[in-house]
Amino acid sequence: MKKQYFLNANIIDTHNSLNEVGGLIVDDNGLVEAIGKKVNKNNIPSREKVIDLKGKYIFPGIVDMRVFVGEPGYEYKENFRTLSNAALSGGVTSVVTMPNTDPIIDNVSIVDFLKRRGRDKSKINIFPTASLTKNLEGSNMTEFGLLQKKGIIAFTDGLKTIQNTRLMSRIMKSAHDLNSLILQHAEDLELSKKGMINDGIISTKLGLQGIPDLAELIIIERDLTLLESIKCRYHISQISSKKSVEIINERKQKVKFTCGVSINNLSLNENDIGDFRTFLKLSPPLRTEEDRTSLVDGLNNKTIDVIVSDHKPEDEEQKRLTFAQAATGSSGIETLLSLSLELYHNGSVKLETIIQALTSNPAKILKINKGNLTIGNDADFCIVDINKPWIVKKEELISKSKNTSIENKKLQGKVTNTFVKGVELFKL
Amino acid sequence: MAIKSNKAVKISQKHLLGIQDLSISDVNFILNEAKQFIKLNKSKNKKLDTLKGKTQINLFFEPSTRTQSSFELAGKRLGADVMSMNIVNSAIKKGETLIDTAMTLNAMHPDLIVIRHQDSGACNLLSQKVNCSVINAGDGRREHPTQALLDALTIIEKKEKIQGLKIAICGDILHSRVARSNIYLLTMLGAEVNIISPTNLMPEDIEKFGVNKFSDMKKGLKDCDIVMMLRLQNERMTSSFLSSNREYYEYYGLTPDKLTYAKDDALIMHPGPMNRGIEIDTNLADDINRSVIREQVELGVAVRMACLKIFCT
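Sequence lines, in order, name chains D and P. With this note's numbering, the residue at position 237 of the first sequence is 237, and numbering never jumps. With this note's numbering, the residue at position 45 of the second sequence is 473, and numbering never jumps.
By construction, these hints were calculated from the structure, which means they are not laboratory data. Just so it is clear, the structure is predicted and the values come from calculations on it, not from any experiment. Glycine included, every Cβ here is placed at the ideal spot set by N, Cα and C. Treat the hints with care, as some may be off.
Residues from chain D shown here face chain P by an in silico Cβ test under 7 Å; the list is partial [unchecked claim]:
1) P72
2) T204
3) D275
4) R320
5) A324
Distance condition first, Cα-Cα at most 25 Å in a straight line; then the derived BS3-like pairs of lysine-lysine [what the hints assert, rightly or not]:
6) K636(P) / K205(D)
7) K205(D) / K557(P)
8) K402(D) / K636(P)
Using the sequences provided together with the hints, build the complete structure.
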């Protein structure tokens with residue numbers, strides 16, 4: 001690999017508190033050699049080929065903490081290859097994959113297979129999670145210790161919540177002993193049973209079973225109460241309501257934990273469901289505009305640590321049904337950054353805060369050396385034309401599944417190049 | 429018998445999916461059209477050729493007696509060829525999706541599809557996939573527009589107006605499409621609507637639709653002109669909403685005692701089928717001086733004839 005020189009970029013690396021105009025040198029091993037304002041034309045040999053970015057942005061490769069990949073078992077929805085290509089086009093270079101595949105990632109032998117597939121087929125960094133309970137049944141714990149040794153970085157039941165409080169306390173105790181990270185999907189499954197959208201005026205109008213925000217709040221309160229006595233690495237995958245923001249803000253004064261939010265809940269509200277748009281059937285559901293703005297505030301005041309895509313590829317057949325029958329979730333990994341930038345362009349969130357929530361914060365929670373451009377690290381990064389306008393078109397999406405929640409939306413800001421370990425794997 | 433139609437007035441919608449989509453003039457247009465059929469339905473020769481040569485498909489995914497037969501009869505009286513699909517024996521039970529069914533039926537060039545489905549929004553989905561007009565005969569808990577229209581017509585026939593009347597809708601509001609359609613229609617036509625239901629069966633934010641809500645039936649019935657009872661939809665209840673039917677009857681069943689809180693000339697309505705002794709006292713249901721339940725069924729045919737005629741492409 002030849003050495004690469006990038007100049008005149010706006011560089012933001014929140015891990016290293018870097019926000020300046022400068023350059024980036026990637027060495028011949030694909031590692032960061034130098035970065036920042038000290039990298040300029042004057043200290044680069046004149047014979048070298050230099051890429052002038054003319055004010056475009058360089059961000060560390062995005063770390064997406066919540067991604068569903070169809071492999072193994074649902075390759076028709078998404079496989080590692082299609083996921084990689086979709087991710088790269090959105091500047092995502094590391095993903096945390098969910099364990100609800102077929103078979104479910106709940107034992108050591110399947111992890112070996114997964115790691116091999118990930119290594120052979122994927123161009124991006126795959127960080128697999130395993131389930132908290134065997135077969136996602138919510139009754140018996142998986143082997144956190146042994147699974148971690150195989151490379152599992154966190155544990156979650158994905159779309160399911162640990163409903164049983166006694167089991168949850170035991171999971172937390174094990175996580176404490178083994179230093180394991182728990183990712184909880186916070187939803188009281190009895191309160192949300194058969195629910196499809198936020199419980200309120202829209203659910204009443206559309207005649208759809210509602211999911212009250214209390215279903216989320218109750219699990220969060222329960223878990224945080226347990227956490228006061230049992231210290232462990234605990235992260236709430238996604239929150240969706242004002243009530244959740246408030247309780248988390250309050251409890252963060254007392255106890256250490258983190259929480260995430262889906263870009264869908266930050267950008268859309270229940271009114272977007274309109275006339276039964278099944279692509280907006282999501283979990284957690286889109287809630288009111290008041291909830292949405294409260295989530296934005298939560299991101300600004302650091303109540304919320306992470307933004308995720310909650311990328312859930314579903315083939316169109318699963319969405320071309322009545323709302324009750326349609327699958328839940330939307331594809332979103334390739335629009336994660338651009339949609340997040342909407343919050344910057346409309347003045348609601350600082351650019352640094354967004355980049356932090358997409359790169360250094362998730363990496364810190366996961367304890368992985370990603371989401372930064374520290375000298376000597378893998379040069380995983382993306383180049384972004386932050387003002388470039390574009391329209392989300394279903395047929396132009398790269399992911400194998402086209403169930404985007406923002407079809408035809410006008411966005412501003414597009415990734416033009418993405419590099420993993422110094423190799424350019426995406427170019428617009 | 430020739431029926432005059434007012435060609436100058438047009439309906440604003442292609443489909444009849446819900447009252448929510450209709451304007452006041454749409455509603456008045458349908459109700460005026462329906463009035464013309466009331467007499468016809470009482471006469472000896474009930475057959476017209478208004479929809480001669482037209483094909484009407486009734487697609488019922490849920491069991492229904494009165495609505496299905498009412499639509500079938502309405503179509504036949506207007507001279508349409510009516511086909512009622514028996515879903516139990518159809519490919520849908522073999523896993524065909526609603527959209528595929530729609531495509532199949534659409535290829536047969538129907539002029540009208542009447543659909544009842546257990547999922548809210550099913551008629552909206554169907555209407556996007558077929559060329560002809562779709563009439564909603566009830567979708568999940570969302571809307572049942574022809575029921576609300578026939579209820580309105582019944583009230584107008586008996587009380588000569590709706591504007592200014594106080595109307596109570598009592599019972600299982602949460603699962604009721606009849607309640608939702610009636611709330612939209614009766615408030616649109618200027619009635620004051622009281623919703624009476626145990627809180628467990630009250631939908632979230634219902635007061636935002638411009639109604640008053642009560643969990644005390646006697647308070648809710650006070651000075652009402654119309655008492656509309658709803659059926660307790662046990663089949664839609666996924667978990668325990670109520671302790672027992674007898675307790676429900678005690679607090680929310682319409683009894684002669686509770687009816688005294690309403691106006692002396694208050695009328696009783698029910699969309700049927702009734703659970704006698706659960707939501708309504710059996711004698712009250714049959715009281716010809718108070719109950720207009722039979723008239724509702726009768727006018728139902730007239731309203732559906734009007735809807736078929738107006739929406740037929």
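Structure-based check of all given hints:
The criterion of a C-beta within 7 Å of any C-beta in chain P is not met by P72(D), whose closest approach is roughly 25 Å, and the hint is violated. Hint status for T204(D) relative to chain P: holds, with the closest Cβ pair at about 4 Å, below 7 Å. Interface hint at D275(D): satisfied, since its Cβ lies 6 Å from the closest Cβ of chain P, which is below the 7 Å cut-off. For the restraint placing R320(D) at the interface with chain P, the shortest Cβ-Cβ distance is roughly 5 Å, inside the 7 Å limit, so the hint holds.
At its closest, the beta carbon of A324(D) sits 4 Å from a beta carbon of chain P; the interface hint therefore holds under the 7 Å criterion. For the hint pairing K636(P) with K205(D), the CA-to-CA distance comes to about 10 Å; that is within 25 Å, so the pair holds. For the hint pairing K205(D) with K557(P), the CA-to-CA distance comes to about 23 Å; that is within 25 Å, so the pair holds. Of the supplied pair hints, the one linking K402(D) and K636(P) is violated, its CA atoms being roughly 36 Å apart against a limit of 25 Å.
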